[in-house]
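Enquirer: Sequence lines, in order, name chains A and B.
Counting from 1, one number per residue, gives the positions in the first sequence under my numbering.
Counting from 1001, one number per residue, gives the positions in the second sequence under my numbering.
Since the hints were made in silico from the structure, they are not lab data.
Just so it is clear, the structure is predicted and the values come from calculations on it, not from any experiment.
Treat each hint with caution, since some may be false.
[Said to hold, decoys possible] Computed list of lysine-lysine pairs in PhoX-like fashion (alpha-carbon distance at most 20 Å, straight line):
#1 A:K245 <-> A:K161
#2 A:K161 <-> A:K244
#3 A:K204 <-> B:K1026
#4 A:K231 <-> A:K204
#5 A:K231 <-> B:K1026
#6 A:K34 <-> A:K100
#7 A:K229 <-> B:K1026
#8 A:K153 <-> A:K244
#9 A:K245 <-> A:K204
#10 B:K1112 <-> B:K1187
#11 A:K161 <-> A:K231
#12 B:K1112 <-> A:K204
#13 A:K149 <-> A:K204
#14 B:K1161 <-> A:K231
#15 B:K1096 <-> B:K1026
#16 A:K204 <-> A:K153
#17 B:K1096 <-> A:K229
#18 A:K97 <-> A:K34
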Amino acid sequence: MSEQPVLVIGGGPAGIEAARGIADVGYNAILVEKRNVLGGTPELANYAALTPDFRDAGEAMAEMAATVTNNPNVDLRLGSTVTATTGSSGNFEVTIKNSKGSEKVSVGSVVIATGFQHFDPGRETQQYGYYEYDDVITLVDLEKMLKAKKVVKPSNGEPPKRLCFIQCVGSRDRQIGNEYCSKVCCGVAAKESIEVRQLVPDCKVFIFYIDMRMYGYWENEIYWPSQEKYKVNYIKGIATEIIKKGDRLLVRGEDTTMGRPMEVPMDIVVLSVGMEPSAGTREMAAIFEVKLNKYNFIETTGGALNTVGTSVEGVFACGATTGPADLEDSISSASAAAMKAITVVRKSAMAG
Amino acid sequence: MSLDLSGRQYAHVDYDEKERLFDEVKGDLRYDEYLYGCYECGICVAACPSARFYDFSPRKIAQTMAREDVDLFYTLLNDSVWDCSQCFSCDVCPRKNSPGGLITLMREVAVKNGLASAQEALEGYGRVVYKIMATGTQVSPDMLQANAFPDWGPHVKDIAKNLEYWRKALPPESMNTTETSWQVDDKTIIELYLIWHMTGVMDMIKEVDEGLFMILQDVMEEKLEDAGYDVSFD
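Excised from the complex, chain B in its bound form (with noise of 0.2 Å):
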């Protein structure tokens, strides 16, 4: 992620918002099952391979939610939880709590409420987002593309020019596709589509991405309404 200077880490937010974000959390089902109390022995950040790498430490997430330090929840609320590859390492936690479980919650209130550093956090995952959430399937064989992933090598290239015919070459016919990783048949497609509309999914890409929402809302109105679902995203 490039530096941001633009001042927005900086600007003025009332300590009631940041309560109001704090509370919203703390409100959350999971919260009382996450964390108990902190001994900030640092168990969690002695397992946790994010912050090998960057200046991250699941303790301070649960130091700071038990000592309900609102401010420093709300830097960390806009920085450190998108420092987390979410693998659940420091769950080893001898009070049973769960930093990472906390940071699911963190992002989860990050999105839903729209904030700007969550937005640009989830940037780069549009594309993810909208291949799971549209085809059911996350990594497809058209999306590799020389500008897509430099990190896949050059040779991609080369790869891409024939693709079909490669796909082809792979004995299960679930698999002789290029749009999706696999094919999925349409009873799924609706489930998946039923299940992002009812536990709020499209809401928060509404709030994070609205282009992608409208993208999203286009493909999946169309399909639901054909297999008689009448659902309405507004």
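In isolation and in its complexed conformation, chain A is listed as follows (with noise of 0.2 Å):
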């Protein structure tokens, strides 16, 4: 019996990695995404520098796209949706569909790469009246103004002389149900901070944080020089209400290490959103019949050490479907997730 492709699911940075790296070792692999162009989120949400690097977020996906793109071992698949599949490890039948119709092709493993959306601010407890009033922006709002190299306040189109962001947004909660931390927040929000104190010179820029968690070489990468550089503000404590007061937004909150209340104006109020699983993501692990943990995520049964096998043996999740993760994170576990996808396929052949 010849080598059965693997099916990748999601074109974004873990699904592309993933189908690349089986490409690379001269299997076969099938990548399908639901819209026409590949890039993920980072593309979808108009992301200007990837963090920690800077590097050009439309650069750097375009580079992994073409790694994809008129690959013989890849059979790409853009604007189709998986919507069925039959079978078990190493000969599944899964149904593909497009605008010209349905398919069913033989995998021998799936790797699921459908990833996240951002955390709707709007959502629950509405605390920081991100729908009513219009400075109050998110992290990606934020990145589309630094992409176009304007940051101005959408009220009334001025550059901003204050502006602060609130970590954790929708992210360690109880109260909404997302108790997890998000992981990137706190690098993108330092990123984002230095990008704005590039563009706009003569703005205060302030984070509000519980604790900032900038993990490995993070630290001296954006956090130090945020702060040492760019001379942005921490502050930690987190913001309790926002409330308008003129033209300008007053954020009200407790300076914990001053041991003070703070009461204090800003032009524009970036909310931090987390990471929640994307529709993709729910929808992929209803079709696979793959656990779910707790929060939605795809859920990862070999603890530590596998980081990418789930709850159906020849089913494989990476990225940010697991759970939240960053570009770093995601590219590793896609390079798992293919190894383990091509073990599948490769003792299939040799069993058959």
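The task is to assemble the complex, starting from two chains supplied on their own in separate frames and drawing on the hints.
Expert: Below, the structure is given as structure tokens:
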């Protein structure tokens, strides 16, 4: 029996990397992407520069996409979704649907790389008036402004004099149900704070945090420079509410290390929204009947020693499909998933 | 220090004036080596002896400067900076900040600008400053007077009676003196005077204590002139 292809679902960084890896070792991948472009959330959400290295996101995603485009080992299916599956490890039959119709294909194993979506700060507690005040925006909204190299108050088009980030919006919050840390928001906020200071040098920038999670080299790559070189003010304390005062916003909270309450005027408030499982992740979990964890990310079942195995043999998950992940994590777990997916098709070919 | 309720602390000071003082501290060449960024972790407070006894926090100093909180800076400049014993235990900082170093800079700015708080804080040190600047040694036997340092105890009175004899009992010749801790030779004194003059210490004294300045000026001018230096303190 010849080797079956591996089905990779999701054309973001993790899915591309998994498909590329499979192709590079001479196996075949079918890469299915719902949208008509590759690049996933970084592309969809207009990321400007990557964290932590400030590399141009568009350029990086294009470079990744090129590795699976016109690649003889990658059967690229854009504008397509997976709608059904039967069979088991080594011999799945999946239905792939596009605008022209449905097609059944045989695959040996599956890599789900359908990723995350940004937390909607208007959902649940509505604490910060995201849908109420024009000048309350998210990391994602700011990223779009940074890409256009124009950071202004949405309400009046003027450059901000004071801008703040509020961390952990939609993360680490029992009220909302997302008890986990979204891992990337600290780094992204620090990165964006630097970019704001570069673009609008006379704008004071504040970051209100619970604790900054700048693990590994993010510390000296983005955190220290933002504070030491770009004079971003880090204040331990989370805003309790935002109220409108004149044409400015008033952020109320506690400056915990100074031991005093604070009420500070801001022109723009940026909510550092976290990650939630994407619709695609939830759909694929249902189709492949893999277990979700408490937060509706796909659960990995191998503990610390297998970060990509799911509750269904032959089905793997990588990137932010299994939980909050930065780009570095996503690329690494994608390679791990590719390796395990290949192992399945190789073993079943040898057995067959 | 006695509680000052004269209202001085609450006198209005323009933001611009506070910012000018703030910028003077920041403008010091040493500033960049004393402050990187503050974690607000408190390791400096834990290491600080003054923080055990006073409402004093080296963290607050670093934090205030890092955050560029000009108003709070001004408050600390008039108060907290004088609670520090300049022991630099706070140099344990993982970011390599030196809150004690920042305080050095702040004190210098407070003195150079003749802040009333600095004058008050330094008032009690006039005697020591005079001694060290005029003689090159800090504490001398003739300071052993009953009314000078009550904490030295009542027996000081008896000791003070026959100072010269007591001192002659000390073997090294250079110690047989009552006006200084030891004999300081003229060359050393002249060099010290020149240092006080050239490094701006005299200017600082002038700002903080005019009377002391005049006394020192008299002492120094005469000696310097005799040694052939033409130094004007004006």
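Enquirer: Each of the hints needs a verdict: does it hold here or not?
Expert: Do the hints match the structure? See the list:
The hinted pair formed by K245 of chain A and K161 of chain A meets the criterion: a straight-line CA distance of about 15 Å does not exceed 20 Å. The suggested pairing of K161 of chain A with K244 of chain A holds, with an alpha-carbon distance near 16 Å, which does not exceed 20 Å. The straight-line distance between the Cα atoms of K204 of chain A and K1026 of chain B is roughly 18 Å, inside the 20 Å bound, and the hint therefore holds. For the hint linking K231 of chain A to K204 of chain A, the alpha-carbon distance of about 8 Å falls within 20 Å, and the restraint holds.
A hinted pair counts as satisfied when its Cα atoms are at most 20 Å apart, and K231 of chain A with K1026 of chain B qualifies at roughly 13 Å. Taken as a hint, the K34 of chain A and K100 of chain A pair is honoured in the structure, with Cα atoms around 14 Å apart against an allowance of 20 Å. At most 20 Å may separate the alpha-carbon atoms for a hinted pair to count; K229 of chain A and K1026 of chain B meet this at roughly 14 Å. At most 20 Å may separate the alpha-carbon atoms for a hinted pair to count; K153 of chain A and K244 of chain A meet this at roughly 14 Å.
Taking the CA atoms of K245 of chain A and K204 of chain A, the gap is near 18 Å; set against the 20 Å cutoff, the hint holds. For a cut-off of 20 Å, the pair hint linking K1112 of chain B to K1187 of chain B is broken: about 28 Å separates their Cα positions. Note on K161 of chain A and K231 of chain A: the hinted pairing holds, with a Cα-Cα distance of about 14 Å set against a maximum of 20 Å. Between K1112 of chain B and K204 of chain A the CA atoms are separated by roughly 30 Å; this puts the pair beyond 20 Å, and the hint is violated.
The hinted pair formed by K149 of chain A and K204 of chain A meets the criterion: a straight-line CA distance of about 18 Å does not exceed 20 Å. For the given pair, K1161 of chain B sits about 61 Å from K231 of chain A by alpha-carbon distance, which is inconsistent with the 20 Å threshold. Between the alpha carbons of K1096 of chain B and K1026 of chain B the distance comes to roughly 17 Å, so the proposed pair stays at or under 20 Å and holds. For the suggested pair K204 of chain A and K153 of chain A, the alpha carbons sit about 14 Å apart, so the restraint of at most 20 Å is met.
Straight-line distance between C-alpha atoms of K1096 of chain B and K229 of chain A comes to about 15 Å, which keeps the hinted pair within the 20 Å bound. Of the supplied pair hints, the one linking K97 of chain A and K34 of chain A holds, its CA atoms being roughly 10 Å apart against a limit of 20 Å.
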